[in-house]
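Asker: Listed below, chain by chain, are the residues.
There are 2 protein chains.
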Amino acid sequence: MPHVRSWIDVPAGSDFTIYNLPYGAFRKSDGPPRLGVAIGTKVLDLHAAAAAGLFDDVCDRGALQAPLLNAFLALGRPTWKAVRLRLAALLRDDDSSDGRLRALDHTKFFTEQRDVRMTMPVYVGDYVDFYSSLEHATNLGKLFRPNSEPLLPNWRHIPIGYHGRSSTIVVDGTPVVRPSGQRKPPNADVPVFGPSTRLDIELEIGFITGRGNRMGEPIPIGDAREHIFGLVLVNDWSARDIQAWEYQPLGPFLGKSFATTISPWIVTLDALDPFRTASPSQDPAPLPYLQTAERWAYDIRLAVELQTEKMRAAGFAPKTVSQTNFKEMYWTMAQQLAHASVNGTLIRPGDLYASGTISGKTAENFGSFIEMTWNGSKPLQLPDGETRAFLEDGDEVTLRGWCEAGDFRVGFGKASGRIVAAR
Amino acid sequence: MPHVRSWIDVPAGSDFTIYNLPYGAFRKSDGPPRLGVAIGTKVLDLHAAAAAGLFDDVCDRGALQAPLLNAFLALGRPTWKAVRLRLAALLRDDDSSDGRLRALDHTKFFTEQRDVRMTMPVYVGDYVDFYSSLEHATNLGKLFRPNSEPLLPNWRHIPIGYHGRSSTIVVDGTPVVRPSGQRKPPNADVPVFGPSTRLDIELEIGFITGRGNRMGEPIPIGDAREHIFGLVLVNDWSARDIQAWEYQPLGPFLGKSFATTISPWIVTLDALDPFRTASPSQDPAPLPYLQTAERWAYDIRLAVELQTEKMRAAGFAPKTVSQTNFKEMYWTMAQQLAHASVNGTLIRPGDLYASGTISGKTAENFGSFIEMTWNGSKPLQLPDGETRAFLEDGDEVTLRGWCEAGDFRVGFGKASGRIVAAR
Numbered sequence: 445m446p447h448v449r450s451w452i453d454v455p456a457g458s459d460f461t462i463y464n465l466p467y468g469a470f471r472k473s474d475g476p477p478r479l480g481v482a483i484g485t486k487v488l489d490l491h492a493a494a495a496a497g498l499f500d501d502v503c504d505r506g507a508l509q510a511p512l513l514n515a516f517l518a519l520g521r522p523t524w525k526a527v528r529l530r531l532a533a534l535l536r537d538d539d540s541s542d543g544r545l546r547a548l549d550h551t552k553f554f555t556e557q558r559d560v561r562m563t564m565p566v567y568v569g570d571y572v573d574f575y576s577s578l579e580h581a582t583n584l585g586k587l588f589r590p591n592s593e594p595l596l597p598n599w600r601h602i603p604i605g606y607h608g609r610s611s612t613i614v615v616d617g618t619p620v621v622r623p624s625g626q627r628k629p630p631n632a633d634v635p636v637f638g639p640s641t642r643l644d645i646e647l648e649i650g651f652i653t654g655r656g657n658r659m660g661e662p663i664p665i666g667d668a669r670e671h672i673f674g675l676v677l678v679n680d681w682s683a684r685d686i687q688a689w690e691y692q693p694l695g696p697f698l699g700k701s702f703a704t705t706i707s708p709w710i711v712t713l714d715a716l717d718p719f720r721t722a723s724p725s726q727d728p729a730p731l732p733y734l735q736t737a738e739r740w741a742y743d744i745r746l747a748v749e750l751q752t753e754k755m756r757a758a759g760f761a762p763k764t765v766s767q768t769n770f771k772e773m774y775w776t777m778a779q780q781l782a783h784a785s786v787n788g789t790l791i792r793p794g795d796l797y798a799s800g801t802i803s804g805k806t807a808e809n810f811g812s813f814i815e816m817t818w819n820g821s822k823p824l825q826l827p828d829g830e831t832r833a834f835l836e837d838g839d840e841v842t843l844r845g846w847c848e849a850g851d852f853r854v855g856f857g858k859a860s861g862r863i864v865a866a867r
Numbered sequence: 445m446p447h448v449r450s451w452i453d454v455p456a457g458s459d460f461t462i463y464n465l466p467y468g469a470f471r472k473s474d475g476p477p478r479l480g481v482a483i484g485t486k487v488l489d490l491h492a493a494a495a496a497g498l499f500d501d502v503c504d505r506g507a508l509q510a511p512l513l514n515a516f517l518a519l520g521r522p523t524w525k526a527v528r529l530r531l532a533a534l535l536r537d538d539d540s541s542d543g544r545l546r547a548l549d550h551t552k553f554f555t556e557q558r559d560v561r562m563t564m565p566v567y568v569g570d571y572v573d574f575y576s577s578l579e580h581a582t583n584l585g586k587l588f589r590p591n592s593e594p595l596l597p598n599w600r601h602i603p604i605g606y607h608g609r610s611s612t613i614v615v616d617g618t619p620v621v622r623p624s625g626q627r628k629p630p631n632a633d634v635p636v637f638g639p640s641t642r643l644d645i646e647l648e649i650g651f652i653t654g655r656g657n658r659m660g661e662p663i664p665i666g667d668a669r670e671h672i673f674g675l676v677l678v679n680d681w682s683a684r685d686i687q688a689w690e691y692q693p694l695g696p697f698l699g700k701s702f703a704t705t706i707s708p709w710i711v712t713l714d715a716l717d718p719f720r721t722a723s724p725s726q727d728p729a730p731l732p733y734l735q736t737a738e739r740w741a742y743d744i745r746l747a748v749e750l751q752t753e754k755m756r757a758a759g760f761a762p763k764t765v766s767q768t769n770f771k772e773m774y775w776t777m778a779q780q781l782a783h784a785s786v787n788g789t790l791i792r793p794g795d796l797y798a799s800g801t802i803s804g805k806t807a808e809n810f811g812s813f814i815e816m817t818w819n820g821s822k823p824l825q826l827p828d829g830e831t832r833a834f835l836e837d838g839d840e841v842t843l844r845g846w847c848e849a850g851d852f853r854v855g856f857g858k859a860s861g862r863i864v865a866a867r
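Those protein sequence lines, which keep their order, are chains W and R. Note that my numbering has the first sequence beginning at 445, numbered continuously upward. Note that my numbering has the second sequence beginning at 445, numbered continuously upward.
Derived by calculation from the structure, the hints in this document are not laboratory data. Do not rely on the hints blindly, as some may be mistaken.
[To be verified] Just so you have them, the derived chain W footprint on chain R, three or more residues with Cβ under 8 angstroms: (1) 482-492; (2) 515-521; (3) 619-632; (4) 684-691; (5) 725-736; (6) 805-816.
[As the list claims (entries may be wrong)] Selected chain R positions facing chain W (in silico; Cβ < 10 angstroms): (7) 571; (8) 640; (9) 695; (10) 701; (11) 715; (12) 718.
Ideal Cβ positions, reconstructed from N, Cα and C, are used throughout, including at glycine.
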C-alpha cells in the first residue's frame, strides 16, 4: 500500500483512517438522521457534501441525502466504487487530491463523532444468522446436545442458517433489556417463567447486501462481490435458558429476538480488500454451487470486552475476555450468500447476513460466554474480584474489530450494549 | 345479526358482503397501488373516497391515500372501528345510511375486481410462522422423526414458532418458481443438488398487527385485540426434501424462504367477531402470561383446491383435496402474540404472524400434501386419472376461507399460486 495521508487529522491507532471511509447515519442534537463517513475523530456530512455538488457526476444526489443507506446500496458496485474514489480524492493530502471540499467552510461539513448520535445505517428487510464457525458449532453441539454427536451430518455440506428478527436490530450504545420467558430448570417437570438467568452474547460479523436479485433467480457465488456492500460487527444477544427450552424443532426464536446490536459504521468490502486471505480448506468439498477459487476470508481481529457495574464504579477499565479472528470461519460470506439465494429467494438492498459466533480453538478465543465459561462451570475472574458465568444487570459488553498491517489500519469501531434489569 | 343490505349489488355466495369490508391494495392498468375495500364484485377506491372528504372526521387522509396499509394500521383500533362504521354507513341501503358516496359519480369510486390487479396490502417487517395445530405437529413429528416421540416436550407449553422470510411474501396469483437446493436421498451418503422433488403447501391463516409496542415492553394477552388488525389466508409453500436435510438444529430456512402466498384482502377482526367461539381446552394449563378468559377461536372454514395442467387443459374444475376449520387450533392468536412479545421484542404495524398448518383429525382435513399423502405413500387420485404425491410443474393450488351463518357470509377470497419449472 502506498502511504496516503488525509488533511483531516487522524490520531494514531484510529479505526477510521483514510483507507477505511466507512458509511453510517448520524443525528446532531434533534436533527433528522443524515448519512456520513467517518474520518479520524470526525464525521463527514454526506448530505451537505452532496448538496455542494461534490458527487453529482458519480452518484444520484438523493441516494446520499436519504436518512438510510438503502437507496445507495441499490445503486450497485460501480457507484459505490466511484463514490469511494471521490471521497478519497476529496480527503487526501497529496498531488492527486481534489481540493474542492478543503476549500469550503469545514464547519458545515464536519462534526466531531463525540457530538453526534449514531442511528441505524440501513433499514434491514431480512436478517439471517448463520452458524459458520466449526469450533462454535462443535462447542454448542456438546453443550446443547451432550448425548449425541456435536456436529450434525449436514453441517459440513450446508452453511446452516436461519432467519432472525429485523425489528430489534439496534446500533452500538442501545441498552438491552433483560428478556423474560419460559425456561425449564434441569430437574423440573414443567417450565417456569421469569427473567433469563443465562444471558449471553455472540461475537459475529455481518454483511450488508447491495443491489439484490430478482425473485426466483439465485445469485451465483462468482457474483457475490457485486452484492456485498460492507461489514459490521454483530452481537447476537442470546438468552440460553429460553433458547434451550424453545429451540426444537424449529430453531431459536425468543432466546434471540429481543435484541441484536450492530456497530454503526459499515466498513466496505473495498476497504477490507487488502486483508483478504485464504479460508480454511473444506472437507468434504462442498457442492459446485458453493465452490469458488476466489479468496473470501478476511483477516479481521476481534475482541470482546466486559465491564461490570462494580468495575465501572471502582474505576476498572473494561476487561478483554476473548480475542479471535474472522479468517478462521469455515463457511465464507460468498458461500453464505450463494446458499441463501440458491432457492431463488429475494435478496434486497440492506439485508443483514451474520456469520454466527466466531470462536477460535481455545477458551480465550471463544465468542460467547456459554463457551468461555463452559456452560457456567468455569466462571471468568474479573479484575475487581467478581466472577461471571453469564451476564448480570449493569454489565456492559463491547465488541471490537480491526485490520492492521504496520500503520495501515481499518477498524469497525465498536458494538456495545449494557444490560438493563427486566421489566 | 340484523339483516343489512348494500346498495352495491352483492351476488349470493359472495365473500365480500357488507358485513365483511376487507382492506387491500390494487392497481388499475399501470397506475400506482391504491388502498381499497372489497364489496360484492367491486373494489371501493379508498384514495378517491378520502379525497372526497368522506373520512376527514374519523381518519387522517394520508393514511388512506398511501400505497400500503401500514400507516393506517399504526393508528390503532379506535380509528379502525370508526372507519369501518363509516364504510358501513356509506354502503348500506337503509334509513341509517350516509348518502354522500351514493350521491357521487360511482365511476370515480368503484372498479370491478376483475379489472384490477391486487398488490401486497402491507409492508411486512417481520414474518413469524407458528406451529399451533396439535394434529399437524403430531403428524410432522411422525414423518420427520419416525424413531422418537412425535410431539416434543415443549409443544404443550409454548406456541412454537420461528421467523420466516419477509421478502418473498407475495399475493394471490403470483407464480411460484420451483426452488432448487440440497437434499439427501434416504440411502445416499452425501447430498445432491437440484430442483425440489417434494414440493408442498401449508394451509394457514395469518394475522396482521396494528399499532405495536415499544421495544422491551411485552404485549399482555389481555391487550391482544388492540394489536391485531385482521387476518389473511397464508400458503407457506414448503420444499420437504430441502427442509428435511437442512432444518436441524436451527429450523427451516431454504425449504420455506422461496415463497409465501397470502390472500390480498385483510379481513378485519371486527368483521370476524360474530364467528368467535371457544378454543379447544389446553392440558396442561399454560403459564399465566398465556392465559385468558376471552374466546379466541374463530369458526373459519377452509379448503384446499388443486388443479393440474392436464386438468386445466381437459376442462376439469379444481378438485377440493382438503377441508378443515381454523377453530380447532390448539394455540390461539392471542397466545401467539403474547408469547412472541413476552421477551420485549418490537412488534411493528404490518408484521405477519401465521398459524402454522391447520390440520384436522383425518386425511381429508390435513393442511399439507405430506400429511394428506402420508409422505407420498398414499397419492391423491385426481378426476382426470392423474395422481399426486407432491406438486408438479403447472399445478395450481388455491386456498379458500369463509365464515357462514345462514345468508350471513364473510370470506377471504383466495390465495392461489401456480408452480413454474425450476430455473
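Asker: Work down the list of hints and note, for each, if the structure agrees.
Answerer: Now the hints, each set against the structure:
{"no.": "1", "hint": "482-492", "result": "violated (count 0)"}
{"no.": "2", "hint": "515-521", "result": "violated (count 0)"}
{"no.": "3", "hint": "619-632", "result": "holds (count 6)"}
{"no.": "4", "hint": "684-691", "result": "holds (count 4)"}
{"no.": "5", "hint": "725-736", "result": "holds (count 4)"}
{"no.": "6", "hint": "805-816", "result": "violated (count 0)"}
{"no.": "7", "hint": "571", "result": "holds (8 angstroms)"}
{"no.": "8", "hint": "640", "result": "holds (8 angstroms)"}
{"no.": "9", "hint": "695", "result": "holds (2 angstroms)"}
{"no.": "10", "hint": "701", "result": "holds (4 angstroms)"}
{"no.": "11", "hint": "715", "result": "violated (27 angstroms)"}
{"no.": "12", "hint": "718", "result": "violated (33 angstroms)"}
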